[in-house]
Every structure is written in structure tokens, then in C-alpha cells.
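J.: Go ahead and model the full structure; you've got the sequences and the hints to work with.
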Amino acid sequence: MAHADEAAVFNKDEAKVDWHDKALWFVRQKRDKSAHNVKGWENLRDLASAIKANVLSNLDGYLLQFEENAQKNGVTVHWAADAEEHNKIVHSILAKHDVKKVVKSKSMLTEECHLNPYLESHDIEVIDTDLGERIVQLAQEPPSHIVLPAIHKRKEEVDVLFQEHLGTKPCNGDPQYLTSEARKHLRDKFLKADAAITGVNFAVADTGGFVVCTNEGNADMGAHLAKVHIACMGMEKLIPQEKHLGVFLRLLARSATGQPITTYSSHFNKPEPGKEMHIVIVDNGRTEQLSREDFRASLHCIRCGACMNTCPIYRRSGGHSYKATIPGPIGSILSPGIDLKKHSSLPFASTLCGSCSDVCPVKINIHEQLYKWRQVIVKDVPQPVVKKTVLKIAGSVLANSKMYSFVGKSSRFMLKHAPRFLIYSKLNAWGKARDLPEVKNENFDEWYKKRKKNE
Amino acid sequence: MKVGLFIPCYINQLYPQVGIATLEVLEKLGVEVVYPTGQTCCGQPLGNSGYEDDSKGICQLFVENFKEFDYIVGPSGSCVYHVKKHFDILEQTEEVIRVRKNTYELCQFIYEVLGKTDLGASFPYKVGIHKSCHGLRGLRLGSCSERMDDHYSTEESLLKEVKGLELKTLNRVDECCGFGGTFSVFEEAISVKMGKDRIQDHLDSDVEVVTGADHSCLMHLEGLINRNKQPLKVMHIAEILNSSI
Ligand code: SF4
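Residue numbers (numbering that gives the first Met the number 0), protein chains in the order written: chain C, 0 to 454; chain W, 0 to 244.
Wrong hints could be hidden among the right ones.
As a list, the in silico DSS-like pairs of lysine-lysine whose alpha-carbon atoms are at most 27 Å apart [as the list claims (entries may be wrong)]:
#1 W:1 - C:401
#2 C:431 - W:228
#3 C:387 - W:83
#4 C:38 - C:451
#5 C:401 - W:83
#6 W:228 - C:439
#7 C:242 - C:38
#8 W:115 - W:1
#9 W:100 - W:125
#10 C:99 - C:15
#11 C:386 - C:340
#12 C:371 - W:27
#13 W:84 - C:386
#14 C:38 - C:95
#15 C:11 - W:195
#16 W:84 - C:371
#17 W:55 - C:387
#18 W:27 - C:452
#19 C:32 - C:15
#20 C:451 - W:55
#21 W:228 - C:15
#22 C:341 - C:378
#23 C:100 - C:191
Short, incomplete list of chain C residues facing chain W, as computed with Cβ under 10 Å [as the list claims (entries may be wrong)]:
#24 40
#25 173
#26 177
#27 180
#28 376
#29 445
#30 447
Calculated from the structure, these hints are not laboratory results. Note that the coordinates shown come from a computational prediction; the quantities given were computed from them, not determined experimentally. We put the CB at the ideal spot given by N, CA and C, even for glycine.
T.: See below:
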């Protein structure tokens, strides 16, 4: 189903839409307040964007530098061309250690690669340890937001879900009780896990270390308890030097939730004695996106989720309506690069209001890229005949003054004199909930000509 | 100074009163205004739908119509933005460059080029501004809530000088109304919901008249207001600046 259809379904429950909109708007407002407290916020954004642009222009060099330094630290580095190879690598590491239970902290990359079902099909239990991720995992749903994976669920729904899966008592959605039960449940999983998988927020080329940001400390808990730590990263996650963290860490949490910094910014540099640390660097379409000049800046993304929180469409259609691993504005410029046909409705799921581009901490010109994707899509993906014909005809009518004047007059005549049932028919999506403008006796052209005559 | 009056197609056909107010405001300010009658559209509906290539003829005609003027002024932020931003699809001849550079949205022209704020208007009502996105984040008619720049607003600067007018502040000062051109029909459900939410914000903020510098958004809001018989009036900012009630 196209985004518009999914969104229409979501909008059947207006109270839920209002609730979803307000929950995310609240996060956006927290972000505003917190960004206001940083002097030179806009300079930070400029800087972050410039650093990312530098990384993307010199990616090959930084990647090799990172690999070399990580290896020096005793970390094993793997390269995966695509999702399949990524999954195989992760599985082979786990198989070597005969791992049966894995804990995983938040990683959109492993979502993108569908790692969980892959490992499960090889009889490995994967437990998502981020609370929101665990909630959607229990509900067998994908995350609906990259920072707040279960934002579409009310606490009452979580209550029911936990009763079913964790055997909790009914509590009217009491958040304190529910989180403490989740904590007990997860603690057990942490203790029994043989390996931990984490994502990577920033990989530092000149040290070979990497940083993982969480609010729950679940990445550390997993990585420190298990004997094997596998960190999976998209190849664009690099920054040149450790000092650049000073730019990105200040931007990331403020943009994401309005916190000055995530509760845990965990720096991993080398394995503890007797343990193993692996990094899997994944391409999976990123090189191709890098080669598209108009769209390469989409790889600046640090996955803060601010563009989702600010997007008036995302807030009112929910993350699942995008049918993509990464929903919202950034997903709508990334996904068409992966499968143009499947995701061809996404660049149109926007009014091009530009709020996403202005909120983005790394200044991705998201709305301009949405516009550009539209130009690509109408050429490469078959379009509804009516839409295409109407717009093509409009193109030639509007390029011709005389024809325009004729068509303009007759449409106004139609609008004024056609019976109401014809104008507000099923074919007229405008008229379902909105009135059409009342037609005046003359248009501006006619008025102006009359005025000239009387001068 | 010779100004070419750019009246976007939908204003020409459906809202002649907005065109008239624009012309009269400019004339009051002592500007020589000419309306080139061969004009049609800026090509935006096509570009935003992905048919930019099919709009080249329209853009070229726009340049033809307006190339002889010192400034081109129109009462629609998004159309002006389209000329400035997306006429990059044409070969960048001297004429094209000049037209793109000298095209202004009405308020911006009054405030930035003429350096005026007080037009001697009076309008004794409670007014809420709808800051249309292409004007706000495209033309930067004002600071937007996402960026941490100092506050400014071209529309507010002009409206503050209108006698009797009481400017109301909204809860969400610059959220999109959901018009978005063809978005309004292809994403009907969300478009309508966004519009309804904007209107509610104006109602909650004790507004009597909703105004703005882009009549396409106002047309969408007005359609909803009229259908739902809500106690709000919609007027283009040119009509308020031209008013002497
Ligand atoms: S595109 Fe920008 S705002 Fe959106 S998630 Fe990425 S970094 Fe954050």
C-alpha cells in the first residue's frame, strides 16, 4: 500500500492521531529548549555538516585508517558488502563460539539487515535490550521510530503485552511497575547471554575506537558481561578524530530528545583480556548512494530522529505507514535509493515544508532531496495515467498564454455553474472535507483590462 | 523603478480581490506597476509533482513576460520561491538570472526593497498569521522555530503598524497547514488533518481573521473553515495592508 493509503487507515482513529502528534511534538519542543541553551547552535550544525562532508569525500582513506587502528587495538574488523554478508559474518562469529543466546542493544543497521530473523532461523535467541525495542520485539512489530521504537504504543498497550509475555500483573499502564518488571526480565537475559551485539554511533578513524550512545546503559551491560562483543556499523558512521565527538555528542542527544547528552556515551577501544571484540563494517547500498550527487548528503545522518519528531506528516501518519526500516523524512530519501519502485510513494509523503532540513543537526537538505527524488520517480516508475496526463497537459496549456486564458475561463465557468453533486463527487479528493473557493464574476485579467480601458 | 506584477494563476482565476489589493498597495507606495497580461503560472505544480522537465516552457514564458522589469512582485511566497529556487532547470542566461534575482514576495519587497513598514492601513480585528512554509523556510521571510536565530518576521513587522490590529500568538507558530499542492489531494487524509489542527490553533488563540502571504495555504484552510462553518475569516495579507476600515 502507498503511504497515503496507510496514512488514511491511521487517521481513522483521530484521537490516536492527536495523541501521537502531541507525544512527538513534546519531544520536538524539548529539543528546541535544549538547543536554545547552546550558544552557537547553528555554528555547531555547520561544523557537523562540514565534518560529515569531509568524511564522505575521503571515506576510503578514513575507513582504512579506522581498520588499521582498530586492528592495532586487538579488534577484528570485518567487511560486508550487503545485508546478507553482514548476517553471515555475525552468525559465523557466533557459531565459532557456539553461542545460543545473544543480547542486542539498539542498532538500526541490524534492523535494516533483518539480522534477528536470520539468527533465529539458526536457532539463536536474540533479545533486544533497549526497552522500546524489546516492546516492539514482543509485539512482533518493527520499530516505528529510530530513537523511540515503541512511540506508537500507549502504556496501557504495553501493560497488556507484558502480561502476556512477561507474566506481569495488570497495572493500568503504571510505567514504574512496567519498567521495573522489564528490568528484571532483561537482567536475566543479560546474565545468560553468550555474546552481545551493539550498534555504533561514531567510529573514530584516528583511534580505531567507537562510541555507542544509550540512555539505559544496555549496550555496556551486554558488552561487559558477554565474552564476545560484535559491533555492527554502516560505513558512513566515521568521524576523523576523537575531538570531533565534541561536536556530535552535543548535537545528537539534544536533537533526539532534548537531553544535553545521552545518559551513557560508551567508548569502546579494545577487548578486555580473554574476550573478543569484532566490528562489522557494512555497505549495503551506501556506496551507491554516495555516488548519487543529489542524494549523497543523506549519508550525513546521525540517526537522531529529530526530522521525524518535527515532521507534521510523520506525526500524523505514524512510523509504520512508511513501510521502511527508517521512517519519516530521512527514510523517505534513503529508501528510494534501496528500492525505487517499492518506496516510490515516500518522496510524495511530504508538503516540502522544509522543517526537517532546518531541524537536522547535520544540515541534510532533506526536503530538496525529496523534490529531486520526485523528478527521478516520475521518469523511472510508471505513474497513474490520470495524474500524468493532467500534469503533462497543464505543462503545455500553461506555456501558452492564449490557451491558458481559454481554459482558465471555462474552468471557472464550470466551477460556478456545475451542480454541486458533480463538483463534490467521489473523484474530487479536495471536496471530501473542504469547500471549493467561491467563484467571483471576473478574474483578475478581466478586471485589469477593464480598469485600463477606463483610465 | 518599474515593477512587473506577478499574479499566480490560482489568484488570477479564483481570488481576483487579492490581485487587486496587491496592485493597490504597491500603487499607494508610489511604485509604477505593470501587469503583463500574457502571464500564466510559475510551473510549481508540475515541479512539485515531479514533472519539472515538462514545465520548462512555462518557466521560459515567465521569463519572457517579466524580463524587462526592475522587480517582479507577487502575493504568493511559494510561487516566488519556485522562481528563485527551481528556475535552475532553464539555461542560465543573463535574463533568467536577472528575473530570478529580482522576483520578490510582496511583503519582502515592501520591507526589504522599499524599506517601509507603515502603509497607513487600519484593520480593527484579532489576527493570526499563517506563516507559509515556502515563504518562511524558503524565502526566509522570518525566523523559523527550528533554528536558533534571533526572532524576526516580515509579516509581523508590517502588521504591527496596522491601526487597530491585534496580533495573536499561536501555540505552534509555524507548523505547516498541509496544503502542499498536489499533496492536498493525493494525501487527502493527512492534508485535511493538518489543516484542521492549524485552524484549531487559531481558534484556541482567540483569532478572528487568519492571514498570510500565500493564498494557496489560505485556500486550503478556508475550504475547511467553510465546510465546518467555523467562526474564522480568511484574508490575504495584501487585503489587510490595503484596508482602511
Ligand atoms: S536526517 Fe538529520 S534530523 Fe533526521 S535522523 Fe538524520 S541526523 Fe537526525
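J.: Going through the earlier hints one by one, which of them does the structure break, listed in rising order?
T.: 4, 9, 10, 12, 14, 20, 25, 26 and 27
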